[in-house]
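> With chain F held as given, fit chains W, E and S onto it using these hints.
There are 4 protein chains.
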Amino acid sequence: MSMSVKLPVAILGATGAVGQRFIQLLQDHPWFEVAEVIGSERSSGRAYADAAHWILDGGPPDAVAGLNVKPLDGDFTSPLIFSALPKEAADPHEMRLAAAGHVVATNASLNRMLDDVPLLLPEINASHLALVDVQRAARGWTTGALVANSNCTIMPVVMSLAPLLQYGVEKIQVISAQAISGAGYPGVPSLDIIDNMVPYIGGEEEKLETESLKMLGTLSGDAIQWLDAVVSASCNRAPVIDGHLVNVSVSLREKPALDEIIRAWDNFRGPDPVPSLPSAPKQPVQYLTQQDRPQPRRDRAAGKGMTTSIGRLRECPIFGYKFVALSHNTIRGAAGCSILNAELMAANGYINGFSVNGQLS
Amino acid sequence: MSMSVKLPVAILGATGAVGQRFIQLLQDHPWFEVAEVIGSERSSGRAYADAAHWILDGGPPDAVAGLNVKPLDGDFTSPLIFSALPKEAADPHEMRLAAAGHVVATNASLNRMLDDVPLLLPEINASHLALVDVQRAARGWTTGALVANSNCTIMPVVMSLAPLLQYGVEKIQVISAQAISGAGYPGVPSLDIIDNMVPYIGGEEEKLETESLKMLGTLSGDAIQWLDAVVSASCNRAPVIDGHLVNVSVSLREKPALDEIIRAWDNFRGPDPVPSLPSAPKQPVQYLTQQDRPQPRRDRAAGKGMTTSIGRLRECPIFGYKFVALSHNTIRGAAGCSILNAELMAANGYINGFSVNGQLS
Amino acid sequence: MSMSVKLPVAILGATGAVGQRFIQLLQDHPWFEVAEVIGSERSSGRAYADAAHWILDGGPPDAVAGLNVKPLDGDFTSPLIFSALPKEAADPHEMRLAAAGHVVATNASLNRMLDDVPLLLPEINASHLALVDVQRAARGWTTGALVANSNCTIMPVVMSLAPLLQYGVEKIQVISAQAISGAGYPGVPSLDIIDNMVPYIGGEEEKLETESLKMLGTLSGDAIQWLDAVVSASCNRAPVIDGHLVNVSVSLREKPALDEIIRAWDNFRGPDPVPSLPSAPKQPVQYLTQQDRPQPRRDRAAGKGMTTSIGRLRECPIFGYKFVALSHNTIRGAAGCSILNAELMAANGYINGFSVNGQLS
Amino acid sequence: MSMSVKLPVAILGATGAVGQRFIQLLQDHPWFEVAEVIGSERSSGRAYADAAHWILDGGPPDAVAGLNVKPLDGDFTSPLIFSALPKEAADPHEMRLAAAGHVVATNASLNRMLDDVPLLLPEINASHLALVDVQRAARGWTTGALVANSNCTIMPVVMSLAPLLQYGVEKIQVISAQAISGAGYPGVPSLDIIDNMVPYIGGEEEKLETESLKMLGTLSGDAIQWLDAVVSASCNRAPVIDGHLVNVSVSLREKPALDEIIRAWDNFRGPDPVPSLPSAPKQPVQYLTQQDRPQPRRDRAAGKGMTTSIGRLRECPIFGYKFVALSHNTIRGAAGCSILNAELMAANGYINGFSVNGQLS
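If you read the protein sequences in the order shown, they are chains F, W, E and S. To convert, note that position 215 of the first sequence is 216 in the working numbering; the numbers rise steadily by one, no gaps. To convert, note that position 166 of the second sequence is 167 in the working numbering; the numbers rise steadily by one, no gaps. To convert, note that position 9 of the third sequence is 10 in the working numbering; the numbers rise steadily by one, no gaps. To convert, note that position 184 of the fourth sequence is 185 in the working numbering; the numbers rise steadily by one, no gaps.
Hints in this document: simulated from the structure, not taken from any laboratory. Among the hints, erroneous ones may be present.
Note that the list lumps identical chains together, so a pair holds whenever it fits in one copy or between two copies.
Unchecked claim - List of simulated lysine-lysine pairs, DSSO-like, C-alpha gap at most 30 Å:
(1) K88 x K71
(2) K283 x K208
(3) K7 x K305
(4) K256 x K172
(5) K283 x K305
(6) K283 x K256
(7) K88 x K208
(8) K208 x K256
(9) K208 x K172
(10) K208 x K305
(11) K7 x K283
(12) K71 x K7
So here's chain F without its partners, still in its complex pose (with noise of 0.2 Å):
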């Protein structure tokens, strides 16, 4: 079968860090492949190699380097997109394109939390999907979709807290160190960080004790039932380049043994069949025994940037349990996470013309 099997899709916000992000990983993906790249009216019109300060290794791709970039209140012909724009500018795009037909996966938090947009991490709660048959419903769409994923701070909570809702989860606690990726690119000053810790990062806590939440939540008849626990956030900004690091401390209406969640993690694989979606990891979640890991530098590349690390799992005579996480902040976090939501789009039907077998049906 020749190359134009694979999906055309676009990148909103493709010169920012998490839109570089996104080109990085769909290099050689097998299903979908980068045809329109989109950005900011400083951007569009010159070719994206020119118009992006590549800030992740190397350059950009070779496929995508000579991509023209395309001015953001254009009509675009891929049928996926993937936004990585921020907050301020993905008003109106994102409701515009998904109005207009477009499956749209998108990072930013604009719309987020509205009733009906399912806040996607496909191992923890790919029957949120059938959000979208509500969302296309009430809003006229048909072949369009809306789908978001979370707060990059929230992967490594929910990610170790999904195989332990079966203890009933009540109280969670996060105490964070966050790299600098996460403040996008030009983001955190140098000046601000190099030997230093910054105890604030504005907006982030708000996020992670309600997005948890929903996330965590269950699909009940046409609405997400959040997760009735309540969530403590502390956010701050470490001196590392990529992966958010989680004090994590949780009590649980069961007193299961330490071994026994060890397991639940070491086994979590979510639903078919987002483990054998491209992009999901082996093991989406895997517990580390050294007593001094997970590590951003050291752990935050497992699984390619999808798995999630725990370690240090101990009781605390406050909550009954702590331990510490790590994910990948814009791989897992932000640009990873999108994709894999797509893939679970593109392989349950929802993206019009596309078939995973025979692919472009």
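Chains W, E and S in isolation, oriented as in the chain F frame:
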């Protein structure tokens, strides 16, 4: 009055990281003067400037650079001895020297938790100094004494909680981001910490969970009655030179308003004569109103490293209150605290032959 | 005599990184007192503490925190004005204010290379100050004047070469490792510099290759005769907060012994009255004998940031001599140098109505 | 053909920083398979995963994790031995094992400069391999051999100069900014290098000034005739994990245009069969056109760590030419180079019983 009014002091472990900080802080001290520097076999017999790989700014003070390093097992003439020894090396020298009549103010953890050794922090528990009388009586010492300061990470915790004891402290949770200087020299390999965090520091959590309760306790008869509270600590190493940052969550029996707590911090001074001791900062605790402070690099030098900075006090849905606190770990958390402890002893007549007025009596 | 003997000074660009350093260094200055803070449209009209995102230790001095920021295009009352403006913003204000009768000591590069503007560094070219007479005559100014200090990376180069001019400096090669504070704030994004070096700084090499020759030149008649030497510079950014380190190679016409050069450095003081100016360090240049110094973090604070530290002098098989030098880039290399320049002008009667003895005359 | 066609290899010093890199790079190697791991007394007898404090990403490969570490003074069965020993530990083992019939490819500096030991870098001096015949004849060895790779900082220098030898290289000046991994583990204390540069690395400059000339020399009869050029090196340590950056200045007898030099770099491949060896990168040298590259973090992984990146070629008023070059110091500069050296030996029939086609013959 001549220079000779200053009390000669000795530094055990003078060439190490904390030893150097003692020497730096005692430069131009109004009461004390470094007269003896004491080190390991490797160092002894050499001039201090040659034996010490000076790791602080510039080089060692001229007055100390030329002193000959004495061996650890010798006899010393200084009535007051500061110990910057690692735990293993402190045994049996600290106890031996106290028994021989020296006042020993130690930073080592070896004897910290002995029932008759006060874990002093003048602003918050100056009354514990009376334990020295118990100690002397029990051990048959006349001029000798052994007082300790605590683990460095406890400092921002107990400095911020002491003013809140009036509200009934019940549960304390601490998540730290600790500076590399806390591990001494050579300490943390750079390959382990640049672009990284390490979520484990051996023995640290246990110290935090016990020493803090002893420090915040009350002297009752001949013994310290520990604070009746529960502590849960999680310790992380961060790529920061100096300054331990802690995210503290606390539940209080009473429910003071946030601004009442802030006033309690800003007005906290400690009992007389502590505020007038040479190394006491004008404000032991300061509350910073900026939303992103305290930060290690920008706030560790407050009050010449002796002021604890607090920020981000807010309500916590789980504990009631949460905030961020910071202390300079090798000044307030080590050498500076030991010196303040010794000043408190001097001011209270515990150092034989030395009185603050007229100084050498 | 009352406090009012201090000369009121204004800071242009007071809220930026260098502006903050001016304010920090002028705190408790014996002659000058910050009376006016001047900023961009965004800042003007607000209290300084609100308008400035203070990036140095602690916060702004109380005496300045409450000053209202004035707009750049206003008229000012202070006889002496320090300019911390970026190049683009300096035009036309610096020239306008000098023409209006103010003495302007600028850190901006805009007018630095004008023939009648001295590029002052008191220890090495105090005689260039006479160019102000030429400037006043040519431009019809009476009390106004414009003097500049150089690019910050030149400082360790010219401070180390000035004492060697007696041997005939012929070829100078400089490879820098420059601190991030040299780029101002927000300046270098942390994503660009943590775990990294950037081997390019726009415009920097050209400045080094020309300004250094003007500074090391001699005033001959009405003009500076540049040093007749060739300079080759390569500039690199390093993950260091403050302190520019340079590897310097130099060929000299004469062949002094290494210890003769070291003596020339250690004995270098600059002409009277420079050594007695308030901001002059005891030693403008110090030679460090340890084999691994100078180092930015440990030596930048020497002489309160005004002493240049040199080390590792050795023979070079190509140039003859090579060594390493370091200066604090925002103190000696920017604000501190401007203040020293102003002190030299004050001491020489160039500031109308101000004399050092009796101060406001 | 079965798995057993892979040649069993042993790693001396397998638990150290470079030993780990060997193990990482040999994972899935098409010709070689790690069969023996050899370490110090402290490590021997333990499983590799327990004995090694793994400092690279993730953990050791499963196939090696369970190997028992053998003591250094034992006998080994692998025909090919890679040595990652520090200089002191290499004596007498490397020579002893070569004499015992093993081919030893070493990264240690111990025997590097012996007249009959080739300092191999396949792309630039594959012809030096013939020195092994001289070595065998002189020492009476039949299957044994000892080949070395050079100091890691030389790599970007010789890789960039080899394509310029045709123009007559006369003077070479190198100023380095070297990564901390070059010092091994634990290596550089974090207190020495965060927010800092250290302008000294013991023994490094001497190695650069001699080894480079041997490597760029020519085999003439039974000996290497060193390149007739003069080298001046200054070495600095930077807070960078991996990747040695060098500012190189060079004078050439001929005066090629800048674009001619760039073409020479981009077209450089090395002699056959080097380009087809498994670890040879597609491009040994790449020229980057962006004005601020190469950068360690962004370019060290080029060609899986085997490509040297060059940038900023420009004219120098003193030397004629200057540029910036970068190589990954523990891959191209250490383990990767040793492996490429062994592949060259294998391809040329120097490893007894192994032929590339049919592999174990």
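> Look at each hint and say if it fits the structure.
Hint check results:
Taking identical chains as interchangeable, the C-alpha atoms of K88 and K71 lie at most 30 Å apart only when both belong to the same chain, with a minimum of 19 Å there against 34 Å between chains. When the C-alpha separation of K283 and K208 is checked against a cutoff of 30 Å, the pair qualifies only within one copy, where the shortest distance is 28 Å, while the shortest distance between copies is 39 Å. When the C-alpha separation of K7 and K305 is checked against a cutoff of 30 Å, the pair qualifies both within a copy, at 22 Å, and between copies, at 28 Å. With identical chains, the CA atoms of K256 and K172 are at most 30 Å apart both within one copy (14 Å) and between copies (21 Å).
In this assembly of identical chains, K283 and K305 lie within 30 Å of each other by CA distance both inside one copy and across copies; the values are 10 Å within and 24 Å between. With identical chains, the CA atoms of K283 and K256 are at most 30 Å apart within one copy only, with a shortest distance of 28 Å there and 49 Å across copies. Taking the closest pair of Cα atoms, K88 and K208 come within 30 Å of each other only inside a single copy of the chain (13 Å); across copies the shortest separation is 41 Å, beyond that limit. For the homomeric pair K208 and K256, the shortest alpha-carbon distances inside one copy (28 Å) and between copies (26 Å) are both at most 30 Å.
For a Cα distance limit of 30 Å, the shortest separation of K208 from K172 qualifies both inside one copy, at 16 Å, and across copies, at 26 Å. In this homomeric assembly, K208 and K305 come within 30 Å of each other (Cα to Cα) only inside a single copy, at 26 Å, whereas the closest approach across copies is 38 Å. Both within a single protomer and between protomers do K7 and K283 lie at most 30 Å apart by alpha-carbon distance, with minima of 23 Å and 28 Å respectively. For a Cα distance limit of 30 Å, the shortest separation of K71 from K7 inside one copy, 21 Å, qualifies, whereas the shortest one across copies, 51 Å, does not.
Hint compliance for this structure: every hint is met.
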